[in-house]
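*Asks:* Note that my numbering has the sequence shown beginning at 7, numbered continuously upward.
Bear in mind the hints are in silico, worked out from the structure with no lab data behind them.
Please note: incorrect hints may appear among the correct ones.
Using C-beta positions, here's what the derived DEER-type ranges look like [stated by the list, open to error]:
1. V108 - G35: 15 to 23 Å
2. N151 - K105: 17 to 25 Å
3. N129 - K105: 38 to 46 Å
4. F91 - D8: 17 to 25 Å
Below, computed lysine-lysine pairings styled on DSBU-like, alpha-carbon distance capped at 35 Å [claimed, not checked]:
5. K144 - K11
6. K140 - K105
7. K144 - K101
8. K101 - K61
9. K140 - K26
10. K95 - K140
11. K154 - K26
12. K11 - K156
13. K61 - K106
14. K140 - K11
15. K144 - K156
16. K61 - K95
17. K105 - K26
18. K156 - K90
19. K26 - K90
20. K144 - K90
21. K90 - K101
22. K156 - K105
23. K106 - K140
24. K95 - K11
25. K154 - K11
26. K26 - K61
Glycine included, each C-beta is placed from N, C-alpha and C at the ideal position.
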Amino acid sequence: MDYIKLESGVVNVSFGNNVKVVFPVNLYGCSIGNNTFIGPFVEIQKNSSIGSNCKIQSHTFICELVSIGDNCFIGHGVMFTNDKFSEGKPAGGNKEHWKKTVIGNNVSIGSNVTLLPVSICDNVVIGAGSVVTKDIIKSGVYFGNPAKAK
Numbered sequence: 007m008d009y010i011k012l013e014s015g016v017v018n019v020s021f022g023n024n025v026k027v028v029f030p031v032n033l034y035g036c037s038i039g040n041n042t043f044i045g046p047f048v049e050i051q052k053n054s055s056i057g058s059n060c061k062i063q064s065h066t067f068i069c070e071l072v073s074i075g076d077n078c079f080i081g082h083g084v085m086f087t088n089d090k091f092s093e094g095k096p097a098g099g100n101k102e103h104w105k106k107t108v109i110g111n112n113v114s115i116g117s118n119v120t121l122l123p124v125s126i127c128d129n130v131v132i133g134a135g136s137v138v139t140k141d142i143i144k145s146g147v148y149f150g151n152p153a154k155a156k
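Could you put together the complete structure from these sequences and hints?
*Replies:* Here's what the structure looks like:
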């Protein structure tokens, strides 16, 4: 059987002070702020940033073009996306169709949340299992599929 072995790990990451990372992880081309915790089995792709005093729990996937503010909690198994399938299929290598996700400060995102490319303002809680399909411009608690204000 033929295969190509690709190693996970940490490559070209800008770390702040007192960052804790639990291996195995796959972090590359991203930046991580001071006093942030990254749990095991997390992937953070290039051109993404995590603020200070954040906690990123295990099995979370943070794709390219995601920016997370300070004092944020990202639960287990949270999935960020950057492709809205605007052409009716995955954009693949056509990054022109990829969109940014911006998460404000003091945002808590529950386990197993899926986020399409959106902006979320400061001081928001997203309930576990929710699907965030639209920008959140008002602080508060949101949950459901699609996520709506409580």
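*Asks:* Against the earlier hints, flag every one the structure doesn't satisfy and list their numbers going up.
*Replies:* 3, 4, 5, 12, 14 and 25
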